[in-house]
Amino acid sequence: MCLAIPALVVSLDEITAMATVDIGGVRKEVSTQLVEDLCIGDYVLIHVGFALQKLDEDEAAQTLKLFAELQSMDNDQ
Amino acid sequence: MKYIDAFRNADVARGFANAMAQEVQKGRHYRLMEFCGGHTHAIFRFGIHTMVPKEIAFVHGPGCPVCVLPKSRVDYAIALLQQHRVMLCTYGDVMRVPASGGNSLLEEKAKGADVRMVYSAQDALQLARLHPEREVVFFALGFETTTPPTAVVLLQAQREGLKNFSVFCNHLLTPPAMRQVLDSNDLCIDAILGPSHVSTIIGSEAYQFCADDLKLPLVIAGFEPLDVMQSVLMLIRQLNRGDCRVENQYARAVKAEGNQKAQRMMAEVFTIRDHFEWRGLGMLPASGLQIAQRFSLWDAEKRFEVCAMEHDDEVKGCLCPSILRGVSQPQDCRLFGRGCTPEKPQGACMVSSEGACAAYWQYGMGSGALRQDAEVVL
Ligand code: SF4
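These protein sequence lines are chains H and X, in that order.
According to this note's numbering, the stretch in the first sequence is residues 67 to 143, in order.
According to this note's numbering, the stretch in the second sequence is residues 48 to 425, in order.
Simulated from the structure, these hints should not be mistaken for laboratory data.
From a predicted model like this one, the values you see are computed outputs, not experimental measurements.
Certain hints may be false.
[Said to hold, decoys possible] If the Cβ cut is set under 7 Å, some of the chain X residues that face chain H in the computed set are:
hint: 1; residue: Y166
hint: 2; residue: E294
hint: 3; residue: A298
[Unchecked claim] Label pairs and their in silico Cβ distance ranges:
hint: 4; chain 1: H; residue 1: G90; chain 2: X; residue 2: A57; range: 14 to 22 Å
hint: 5; chain 1: H; residue 1: E95; chain 2: X; residue 2: R381; range: 46 to 54 Å
hint: 6; chain 1: H; residue 1: A134; chain 2: X; residue 2: N150; range: 49 to 57 Å
hint: 7; chain 1: X; residue 1: P389; chain 2: H; residue 2: K94; range: 26 to 34 Å
hint: 8; chain 1: X; residue 1: A104; chain 2: H; residue 2: G90; range: 28 to 36 Å
hint: 9; chain 1: H; residue 1: V92; chain 2: X; residue 2: Q409; range: 22 to 30 Å
hint: 10; chain 1: H; residue 1: K94; chain 2: X; residue 2: V353; range: 18 to 26 Å
hint: 11; chain 1: H; residue 1: Q128; chain 2: X; residue 2: D233; range: 38 to 46 Å
[To be verified] Example chain H residues on the side facing chain X (calculated, C-beta under 7 Å, incomplete):
hint: 12; residue: L69
hint: 13; residue: P72
hint: 14; residue: T86
hint: 15; residue: C105
hint: 16; residue: G107
We treat Cβ as the ideally placed atom computed from N, Cα and C, and that holds for glycine.
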């Protein structure tokens, strides 16, 4: 029940506090009332029709870098 | 898809499995409790339990809000339908939870009650706007992930002065329940996989008590398979070093302080109940939310009087209480698969797909081979 999925913000309506997001090609309207400073192009976690949190690109890149390091270590063995 | 595919790569999963195999100390047990039902589901769906070394055991926690919803609350919702003829809106997950008489909201709907499955709390609010002649009640439940959306619609209803809308509040708090469950004497676990999306709201600082008071290492873990694998490795390393710290593997979504805007809204709309009943765990102090006095016009429990109801006890033989505390496993229950299945759940852990019994059943655990629907990444 606590599952939230990543989605790309494609348009924002400040008056209604709604955003159109793209989830793997599917468009959906979600409320942006729980997040601050949202911009088009941001990725957000979507849960029950609400954007819950912005996803941090740099942090994601850090995690993926660790994955890549692990893989290269594994290939060396 | 961005933020998904890269976290499901089979080669990296193998890399993590190899690193774990090298780092676990032979003969030592690593019992890791995943508090959250979302993790239980991910572990079986992606076959993670088959990839980790045998020294590692996953102990399933009580973090499934549908599983821990006591029958009395479903009874109350049914009473609202029968005694007040309300339009009851709720999330799909709760529709099949059996109430005391064995009937569910789905069965009440089949008998003609006005039960609406909604995707979002906002849909419930919209139904109230469209049907001013009806009393519309939103049956709200869930942990801190699902609570802020309920706060938003309550604030909206107040702003609009909406008179025919109210909320039946069953929201739960993760940290107090975690403390209660982990503090019990018969529990033997070594470390915790911390919730993903609850943590996006409450932040990683909220778990400091696990390290400080309970002396248990905790890693906040994302729900993707590589998130879980990496988090398990982080826990193995902490345990090997004799550390107990709160670490955050899911840093792309979880900040130390969480989502403060959402926290402010929750604080405005809700207060903490003295006690709340958790199915299988009993009354837990300060573990649930109620609607604040200022919003009592929109509080279904204040708005509607409900005649006394009889509540059943749990089905005899159901091991949910000890499964929800991580002490028993689903296959220890003699009703598992014999009388208790997801189609006809007898206890809480079989109701939601995130419950331990339902996950074991769906993925063929306890009955031999893995079933087809497990998307084993290795
Ligand atoms: S199998 Fe059914 S009866 Fe047994 S513990 Fe699980 S939910 Fe309860």
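The hints, checked one at a time:
Because the closest C-beta pair between X/Y166 and chain H is about 6 Å apart, less than 7 Å, the hint holds. About 13 Å separates the beta-carbon of X/E294 from the nearest beta-carbon of chain H, more than 7 Å, and the hint is not met. Satisfaction of the interface hint for X/A298 is found here, the shortest Cβ-Cβ separation to chain H being roughly 4 Å, below the 7 Å cut-off. Distance hint check for H/G90 and X/A57: the Cβ-Cβ separation is about 20 Å, which falls inside the suggested range of 14 to 22 Å.
A C-beta distance of roughly 48 Å is found between H/E95 and X/R381, which places it inside the suggested range of 46 to 54 Å. With their beta carbons about 53 Å apart, H/A134 and X/N150 fall inside the hinted range of 49 to 57 Å. As the Cβ distance of X/P389 to H/K94 is approximately 28 Å, the hint placing it in 26 to 34 Å holds. As the Cβ distance of X/A104 to H/G90 is approximately 34 Å, the hint placing it in 28 to 36 Å holds.
Checking the proposed 22 to 30 Å range against H/V92 and X/Q409 shows it holds: the Cβ atoms sit about 25 Å from each other. A hinted range of 18 to 26 Å is violated for the C-beta pair H/K94 and X/V353, which are about 36 Å apart. About 39 Å separates the C-beta atoms of H/Q128 and X/D233, a value consistent with the hinted range of 38 to 46 Å. Interface restraint check for H/L69: the shortest CB-CB distance to chain X comes to about 6 Å, inside 7 Å, so the restraint holds.
With a least beta-carbon distance of about 4 Å to chain X, the hint placing H/P72 at the interface is held under the 7 Å criterion. Because the closest C-beta pair between H/T86 and chain X is about 15 Å apart, greater than 7 Å, the hint is violated. Here the hint on H/C105 is broken, as its CB sits about 16 Å from the closest CB of chain X, past 7 Å. Nearest Cβ of chain X to the Cβ of H/G107: about 11 Å, over the 7 Å cut. The hint is violated.
Checked against the numbered hints given earlier, the structure breaks hints 2, 10, 14, 15, 16 and satisfies all the rest.
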